[in-house]
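Number of protein chains: 2
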Amino acid sequence: METSTGYLLVKFGGAAGGYFDRSLQSLGIRPRHVRVLEKIRTDTLSQQDLCRLTGMDRTTMVAVVDDLERLGYARRVPSPTDRRKRVVTPTESGLVALSESETLLRKAEAALLSPLSATEQKQLNDLVSRLATPDLLACLP
Amino acid sequence: METSTGYLLVKFGGAAGGYFDRSLQSLGIRPRHVRVLEKIRTDTLSQQDLCRLTGMDRTTMVAVVDDLERLGYARRVPSPTDRRKRVVTPTESGLVALSESETLLRKAEAALLSPLSATEQKQLNDLVSRLATPDLLACLP
DNA sequence: TATTGTTATACTCTATAACTATA
DNA sequence: TATAGTTATAGAGTATAACAATA
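Line order of the protein sequences matches chains A and B. Be aware that the first sequence starts at 35, since it is given in our numbering, and climbs by one per residue. Be aware that the second sequence starts at 35, since it is given in our numbering, and climbs by one per residue.
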């Protein structure tokens, strides 16, 4: 079992998750915050929209946006068209933090995959892309 | 970020973990219990030994062995050489459960990797084996 | 009545600290 | 004193339920 592909994927996935978390420590955020910042960089989205796009649930999203607001990376703005909704908008420093995050995450990924050659890294991306499809991940929640 | 190898590995690893958990539901255990049963199938080991071999900490191991005892899959036996230690021994039904678990986990893994051909599955195992090395996982806790 | 955002709550997982019994 | 096992407890993460405001 310990050498099975599935077990290794679970184990490495967990370790990589922690590593990505730590790679963003200096910015006070985690990868989930980066995913939100990426979505709102170009699009105008409510929290509910963000839930749909990221798969997080509403209460988690409240906490994530709370964090982004507290850090000055984003603001909640009442939607003009539907006053129930609050549009989440990045601040200037939020966009800076986003771009720094992407650099840090790229660096962390390079470190994680460094045992493999560039060709092998490409192969791995191809294989994992075919496993981690949206519909598969949805039906294995 | 959403298409990066690292993110996909984290995401798929998490989904696979849940899938493996559910695959063992009928036996009332989880993969960690299987790892313990595998270790004690042939060797005589104390809980501390099992901690060293699996990386779980002492308190987690207490809970895991509690579960195995409650289900009748293992027993704690006082060590004759060191009365502080308690050797964990599998029962007959524990060995049966172990062999069933291994079948269920193999089946679950086959399902998870089914989008890939046999050759590709072999490739993936090779690549992930080189990433998820014991020392790398140890230094990324 | 349904939806958006929110709060409060419960539940799991994991890690820490403290206790016992042995060495 | 150090180690093995245990218990109690606290922390983070996540999910559920209930509520206010709006559609």
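Careful: at least some of the hints might be erroneous.
One copy or any two copies: either way a pair holds, since identical chains are not told apart in the list.
Unchecked claim - Think about it this way: if two alpha-carbon atoms lie no more than 25 Å apart in a straight line, the pair counts; the simulated PhoX-like pairs of lysine-lysine are:
| hint | residue 1 | residue 2 |
| --- | --- | --- |
| 1 | K73 | K45 |
| 2 | K141 | K45 |
| 3 | K119 | K156 |
| 4 | K45 | K119 |
FYI, nobody ran anything at the bench for these hints, they're computed from the structure.
(message) At most 25 Å between alpha carbons: which applies to K119 and K156, within, between, both or neither?
(response) Neither: 41 Å inside a chain and 49 Å across chains, both beyond 25 Å.
(request) At 25 Å max between alpha carbons, let me know whether K73 reaches K45 within a copy, between copies, both or neither. (result) Between copies, since 18 Å is at most 25 Å while 29 Å is not.
(message) Regarding K141 and K45, is the shortest C-alpha distance of 25 Å or less found within a copy, between copies, in both, or in neither?
(response) Classified as both; 21 Å inside a copy, 19 Å across copies.
(request) Classify it for me, K45 with K119: is the Cα-Cα distance of at most 25 Å met within a copy, between copies, both or neither? (result) neither (39 Å within a copy, 29 Å between copies)
The structure fails hints 3 and 4 (numbered hints given earlier, in ascending order).
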